[in-house]
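We have chain H already, so just place chain Y on it with the hints.
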Amino acid sequence: MGEKTDVWQGTLALMALRTLESMGPLHGYGLARRIEQISGDRLQLNYGTLYPALLKLEQEGFIRSSWGLSDNNRRAKYYELTRAGEHQVKKAAVEWEQTTAILARFLTSAEEA
Amino acid sequence: MRKLRAFWIRLLGLIGTRRNDDDFAAELESHVALHTDDGIRAGLSPEEARRQALICLGGAEQTRQAYRERRGLPWLESLFRDFGYALRTLGKHRGATAAAILSIGLGIGANATIFSMVSRFLLRPAPMGDPTTLLALQTTHEGDECCNNFSFPVYTDIRDQATSFSGVAAYFEMIPASIGGSGEPERVFGQAVTSNFFQVTELPMVLGRGFVNGEESAPEVVLGAGLWQRRFNADREIAGKTVTISGHTFTVIGVVTPAFHSVEQILGTEFWVPLGSVAQLAPILPSQGSREDHWLAVVGRLKPGVTRAQAAAELNTLAQRFAVANPKTDQGNRFSFDQAGTMPPHERSGIVLFLGALMVVVLLVLAIAGANVANLLFAQAASRQRDMAVRLALGATRAGLQRQMLTESLLLGLGGGVLGVVLSLWATRTLSALHLPIPVPVDLRIDLDWRVLLFAFALSAFSGLLLGVAPSWAAARPKLANALKGEDALAHPGRRISLRNFLVVAQVAMSVVLLSITGLFLRSMQSAANIDIGFRSKGLLMMSVDPRVHGYDAPRTIAFLTQLQQRVAALPGVLSAVTTDNTPLSNTTRSDDFHVTGVADKDKQNINTELFMVTPGYFETMGIPSISGRDFGGETATGLKTAVVNRAFAERVFSGSNPIGQHVADGGTTYEIIGVVGNVKARSLGEETRPILYRSLQQSVANDPSFLGYTLVVHTSGNPAAIAQAVRGQIHALDPAMAIYYEETMEEHVRAAYFLPHLAATLFGAFGFIGLVLAAVGLYGVMSYAVSRRTREIGIRMAMGAQPGTVERLILSQGLMLTLIAVILGWPAAWMVSRLASSFLYGIQPHDVITFSIVPAFLTAVALVACWIPARRAASIDPMRALRTE
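Here the protein sequences line up with chains H and Y, keeping their order. In our numbering, each number is its position in the first sequence, counted from 1, plus 2. In our numbering, each number is its position in the second sequence, counted from 1, plus 101.
This is chain H alone, in the form it adopts within the complex (with noise of 0.2 Å):
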């Protein structure tokens, strides 16, 4: 196992977006267990840092939240993604998309000269 990586700045929104949309309504823990567990446990998710997150994501519309119960019957908050979140997640995955490939292009240039 690698060096664990922090959270680039920026990306935890949208992570936390893709694992809504795929996993459905999650709890605040579930969901930073997921992230660490699809990142194949490389990335160290200080777990502090994902309930501002979460906020600013719920402020824009993008998921809403209501309490409920988890599995084994403790109160916990579970966060869901809208319809606008939906579209937030396919909108920001294909940006993302062109700026990775973009500067893989420079990588790959810069090693080939």
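Hint data in this document are derived by calculation from the structure and do not stem from the laboratory. Where hints are given, some of them may not hold.
What the hints assert, rightly or not - Computed list of lysine-lysine pairs in DSBU-like fashion (alpha-carbon distance at most 35 Å, straight line):
id, chain 1, residue 1, chain 2, residue 2
1, H, Lys93, Y, Lys104
2, H, Lys92, H, Lys58
3, Y, Lys104, H, Lys92
4, Y, Lys639, Y, Lys742
5, H, Lys58, Y, Lys639
6, H, Lys79, Y, Lys104
7, Y, Lys742, Y, Lys705
8, Y, Lys782, Y, Lys742
9, Y, Lys782, Y, Lys639
10, H, Lys93, H, Lys58
Leaving out everything else, chain Y in the frame of chain H:
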């Protein structure tokens, strides 16, 4: 969009903080519980599992803080905190706060009032569609002064040939008329417009519609909103009903928006009829076919996409084309335009100058007020240095303290702004109620529109911030060690010229300028009061009628006026009654060029002369002395035309030789001079004495009827206002439908003529007084502060044997030094600025010796008093107590 939504939610997040905190605490608790459960399942002890969970969360308090900051708007919260603290601080120093707000309020109020005039007369566009594409066209003949109206054929040529405009409309600017409706008939003014006028101007209608093509001479009328409300009780069903205008029946088709009075926004016209019906309503009209009678104002609406430069170029081409087609009449004619709704350039420059001078003055007032407040804030900063030092020592940042102090001064500025707006609300009402001495309706009402409010807000916020900058900078940089010990931490040893001294010098210097201008206008009013108007003002009542607009022809008009004079003269208490076409000091007369007949053309000297029509007995009634010859009497409409001239006319035209029996002519008509009378002020108080020619009313009504009706002048032995009702009764006994207007006593009329010198003296007097009080208070404040700071020094001096008198002189001389410097700086500035005022002064020079010698002396005297009070206090210091203070 998303950002905005988030912003609103965060703004709302400022409310209900408590519940949200609890909610998030519960969420974090549940997070930790879930994580702990996982840990236990993985085989950790419950304590270890919880410890791990808390570590992974990364500091509960930081998380909470980050969450809180995201939820609300932290900068806004701290701003609220600053405002709250500032309010409390200002509340604690009630006296200083009130003084500051009052100072700024007076300054802002003066500025808002004057700016509301600027906004009304120079900035506000007329409510006519897109104001930038509506152009008012003018024509100018080569070598003449700008700007003339259009003749009908030239207008139609432009309308048909110009491609830059989507429409070109023309209108005849002023038709006096008598209008029916509820109550006695009323005299109003209207305009006659081409049928496309309402399409071109895109005027909004309250109800109904404007004219359309094909209604060039339809008997239809559009009413102004004011007239509709006043005389027709705002009848919503009025469209289709008929009204009587000067005896002719018109059908109402619409009511125009209340914001519209005329295209130029000055004339207060109240109805609009098609141009084709103008002949029924207006007395003598220029011929429609002539290219030389300039009687129509013209506006054009630019086509979308056409620039003004393109329009100007096209009008140039048209002017050349017209000159070729009509070389006799159109040669040398040029066309130009301005945005419609703005004042024509030659009138504009005068107004700009007047308002500019006023703006300078009120900004001076504000600057003086501002210097006052800045000094006050300085004194406060000095007394708060210990507080500041403690806060700095406890870890507050200087930037934070400065922001704090700036918030306070900003609040002071805004508080002053609110007070200023209230003051100017009152001032604009008062000014709007003033009556201008001219016989045509003008709409000069001013009010606070959004431009004025924005200006007042920006000015008060700006002055608030500006005032706070220096004091807050100083206050946030106390010498910590000194301040904590309770010593003066703002004093910079060895520095003699403090910012406070500089401010007070600037303040007094500005007062010198302000007071000099005030002095000039007061002197101007004084000298205006001594102007000899040349006729009596006591015991005269005036009342105007216009029989022509009621369908009277010339013989019937003369018969009506003659009968009326006889009936009124028979009333008890009436000494005499006469009729004229125009009273002196009305700012309007007719004038014409006169020359002596029988003189060779090359020696012919044309003298521009004021013309009045009068009936026999006029000079005696008006109290104008007869110098030689006789009065009118026995003239017949067809007989030889006679004239009485004033002394100025006799001197200019006949230079000393006897004018009686001589003949003078104005182009067409020849008059025999039968008498000479004393000079009067014809148009306005400020004028140089003009030549006047009086002609017989009986001989003039037929071929040269008055445009503004006729005025009955009644000389009474008692109070003239008391017989007004009886005179009205006589008019209505002769014709119950006759509209009566401009009913006033001669004293009221003459008082109105003093409008300008009076207005200027009132405005400048008020501003000058405010400025003087503010400057005196400022000087007093600085000197008291100096005394309080030097208490110990003075104590030592007195303990060493200084006499109270010496101490008093020490303080006084310091204050006088400041005043002297200020006067030396301000005097030449006032000397220069006074030239601006020269065109508004009556009978005195702008560099009036009395003003310029009294003002500095007066100001020095006031300064002396302002310094004397603190000097007395300094002299009464008890050395023992002073030395024990610390």
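Results of checking the hints against the structure:
1. H:Lys93 <-> Y:Lys104: At roughly 16 Å apart (the allowed maximum being 35 Å), lysine 104 of chain Y and lysine 93 of chain H satisfy the hint.
2. H:Lys92 <-> H:Lys58: holds (18 Å)
3. Y:Lys104 <-> H:Lys92: holds (19 Å)
4. Y:Lys639 <-> Y:Lys742: With Cα atoms ~32 Å apart, lysine 639 of chain Y and lysine 742 of chain Y stay inside 35 Å; holds.
5. H:Lys58 <-> Y:Lys639: violated (82 Å)
6. H:Lys79 <-> Y:Lys104: holds (24 Å)
7. Y:Lys742 <-> Y:Lys705: holds (21 Å)
8. Y:Lys782 <-> Y:Lys742: Holds, at roughly 25 Å.
9. Y:Lys782 <-> Y:Lys639: Distance ~16 Å between lysine 782 of chain Y and lysine 639 of chain Y Cα, so the pair holds.
10. H:Lys93 <-> H:Lys58: holds (18 Å)
In terms of the numbered hints stated before, the structure departs from hint 5 and from no other.
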